[in-house]
Amino acid sequence: MSSQERKFTTVEVVAGNGLLNRRMFLSLGSAAGLATMVPSNATETPLTVSPWSITPGSWLTEYGTPSKFEGHVNRGPITPGPLNRLGGGSIRTPLHLLEGTITANGLHFERSHAGIPDIDPDAHRLVIHGLVKRPLMFTLEALSRYPMTTRTCFVECAGNSLRLNAKEPVQGTAQELHGLLSCSEWTGVSLATLLDEVGVDPEASWLLAEGADAALMSRSVPIAKAMDDAMIALYQNGERIRPSNGYPIRLLLPGYEGNMSVKWLRRLKAVAGPIHTKDETSKYSMLLADGRVAQFNFPMEAKSVITKPSPSLTMKGPGLYEISGLAWSGNGRITRVEVSADGGKSWASTALTEPVLSKALTRFRIPWRWDGQPSLLQSRATDETGYVQPTREAQHAARGSRATYHCNVITTWAIGEGGEVTHVYA
Amino acid sequence: MSMRNLVWAAVLVASAHAFAADSPDLGVPISSEDVAVWDLDVGPNGEGLPSGMGTARQGKRVYIEKCQACHGDQGIGGVSDALAGGSLEGDSPVKTVGSYWPYATTLFDYVRRAMPLTQPQSLSADEVYAVSAYILFLNNIITETEPMNAETLPKVEMPNRRAFFTVYPGKLE
Numbered sequence: 001m002s003s004q005e006r007k008f009t010t011v012e013v014v015a016g017n018g019l020l021n022r023r024m025f026l027s028l029g030s031a032a033g034l035a036t037m038v039p040s041n042a043t044e045t046p047l048t049v050s051p052w053s054i055t056p057g058s059w060l061t062e063y064g065t066p067s068k069f070e071g072h073v074n075r076g077p078i079t080p081g082p083l084n085r086l087g088g089g090s091i092r093t094p095l096h097l098l099e100g101t102i103t104a105n106g107l108h109f110e111r112s113h114a115g116i117p118d119i120d121p122d123a124h125r126l127v128i129h130g131l132v133k134r135p136l137m138f139t140l141e142a143l144s145r146y147p148m149t150t151r152t153c154f155v156e157c158a159g160n161s162l163r164l165n166a167k168e169p170v171q172g173t174a175q176e177l178h179g180l181l182s183c184s185e186w187t188g189v190s191l192a193t194l195l196d197e198v199g200v201d202p203e204a205s206w207l208l209a210e211g212a213d214a215a216l217m218s219r220s221v222p223i224a225k226a227m228d229d230a231m232i233a234l235y236q237n238g239e240r241i242r243p244s245n246g247y248p249i250r251l252l253l254p255g256y257e258g259n260m261s262v263k264w265l266r267r268l269k270a271v272a273g274p275i276h277t278k279d280e281t282s283k284y285s286m287l288l289a290d291g292r293v294a295q296f297n298f299p300m301e302a303k304s305v306i307t308k309p310s311p312s313l314t315m316k317g318p319g320l321y322e323i324s325g326l327a328w329s330g331n332g333r334i335t336r337v338e339v340s341a342d343g344g345k346s347w348a349s350t351a352l353t354e355p356v357l358s359k360a361l362t363r364f365r366i367p368w369r370w371d372g373q374p375s376l377l378q379s380r381a382t383d384e385t386g387y388v389q390p391t392r393e394a395q396h397a398a399r400g401s402r403a404t405y406h407c408n409v410i411t412t413w414a415i416g417e418g419g420e421v422t423h424v425y426a
Numbered sequence: 427m428s429m430r431n432l433v434w435a436a437v438l439v440a441s442a443h444a445f446a447a448d449s450p451d452l453g454v455p456i457s458s459e460d461v462a463v464w465d466l467d468v469g470p471n472g473e474g475l476p477s478g479m480g481t482a483r484q485g486k487r488v489y490i491e492k493c494q495a496c497h498g499d500q501g502i503g504g505v506s507d508a509l510a511g512g513s514l515e516g517d518s519p520v521k522t523v524g525s526y527w528p529y530a531t532t533l534f535d536y537v538r539r540a541m542p543l544t545q546p547q548s549l550s551a552d553e554v555y556a557v558s559a560y561i562l563f564l565n566n567i568i569t570e571t572e573p574m575n576a577e578t579l580p581k582v583e584m585p586n587r588r589a590f591f592t593v594y595p596g597k598l599e
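These protein sequence lines are chains D and U, in that order.
Residues in the first sequence are numbered consecutively from 1, following the numbering used here.
Residues in the second sequence are numbered consecutively from 427, following the numbering used here.
Calculated directly from the structure, the hints in this document are not laboratory data.
One or more hints might be untrue.
[Unchecked claim] Result set (SDA-like, lysine to any residue): computed pairs, CA atoms no more than 20 Å apart in a straight line:
1) U:K597 - D:G332
2) U:K597 - D:A398
3) D:K345 - D:G372
4) D:K345 - D:E393
5) U:K597 - D:T404
6) D:K133 - U:D448
7) D:K283 - U:P585
8) D:K308 - D:G419
9) D:K283 - U:S518
[Unchecked claim] Computed spacing ranges between beta-carbons, pair by pair:
10) U:L598 - D:G106: 30 to 36 Å
11) D:I54 - U:V505: 56 to 62 Å
12) U:G478 - D:V424: 52 to 58 Å
13) D:I78 - U:D517: 42 to 48 Å
14) U:G596 - D:R125: 32 to 38 Å
From the three backbone atoms N, C-alpha and C, an ideal C-beta is built for every residue, glycine too.
Excised from the complex, chain D in its bound form (with noise of 0.2 Å):
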């Protein structure tokens, strides 16, 4: 026996086919814990003098980009909306190429209804009106003299993973099932304190939020969410939001389904009650199995997905290997997110990444010593109102299978003997 293998016959093994305790990492040391998963072909490729270390490299960038290498990293393929490119359409997060939680600017989810709009921001304004002591319009500049708030969170589409839903397993990476999903640094100005300047009248409930794009985006918001943690976002991750992304503005309100976080938003109306448009009536509606239709279901459930493995990840032959994911709720922090390697029979407790930020990424980890069989693998996120990710079944029961959005059931991955990983129900 090998002083390595020595070491791992006294790991605690936490659950069934070689879940291995979340803390063990840590506790062995990196250069301990790694040895056996690189692999040891040394002296297979002999060290040489690498030409870019004896010749001077490029010279400055005024913006930089990705290594050229990375190029596989991006968001296509594009899914088109009925019309192509001017019926909008979509773009999904790499999410199983990606490591931490935030989200590149350029690798954010986009999802628009009528294009990107090319807003110039000096001509652009926002009207805060309706049932209000004093309608009001701000300018960029105006917002920009604002005190500054910043918060991480994700932003989710509602329809995000509804390919879950379909009666057979769709085949897909972790972009293509749940890739509508991104987590940024957002800053920008409280809503509350615009609120207050306008002085919102006591019979309003609702706003009406509307963008600046081709097909005036509309949602209605209740006034509580506004005044509790809603924000005009200007800036994401540090530089101000890209155009696809709402540029100059948007409004952003954490953990709600994305499509009500406005971009390119140009007015928000105080009304007694919600408008009813045609993105919270027709679209972003659950068709329930009795027939009857869930509107206004705003957070998004709490969720989690396997990155590391998944599908186009081909694990390398049997050993030790870090499981990684994403778990996320909108309804606050995640408390604990479980991992299963035998298809649900039994749990283990992963190790979650610090900061874990309320309505925000979180990041979960576990050692898992494959042994090279087929294996199931699942994850199951908790947070802290007490709510568990559910299994697909439970959600059809509940929910029946046409319910389209807010889709968060627990995805399993399936391993074969030769390392490839495939989507499967379990």
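Go by the hints and put chain U onto chain D.
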């Protein structure tokens, strides 16, 4: 109270007011007349509907010219969303204005703000009323000659209205 105290009292009141509005207050007041060009939303009780009117018979012409290329002959079979017919039964429900939409006012609101796709906000109020009437007629909800206007449109009873319920602020199982 001495003159000096009176002055101080006035200063204190003024300061108290300034601090009470402890906010930059950089917005410019705007009148409802000046917002009107953006104020296009229509609520479920007809709030915001403009004057004007149209019938399905009039709307058919608008539809054929402006809508049919994407939404298909009589609202079915186009590359974009079906607008007429459809059933919510079975595993593949077809959600159309007739089978699914809860309010007729949403039709006016959406057509006026966002349609036709390449020329949004180009239709007159009469044209929006007329094409809304035509789509309702295609779904057998109103007759071909029934005029749609600010009075009649909110009173149209949509077949699926009663199926809708509000989750907020509660939670869905």
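Mind listing which of the numbered hints don't hold for this structure, in increasing order?
Number 13 - this is the single hint that the structure violates.
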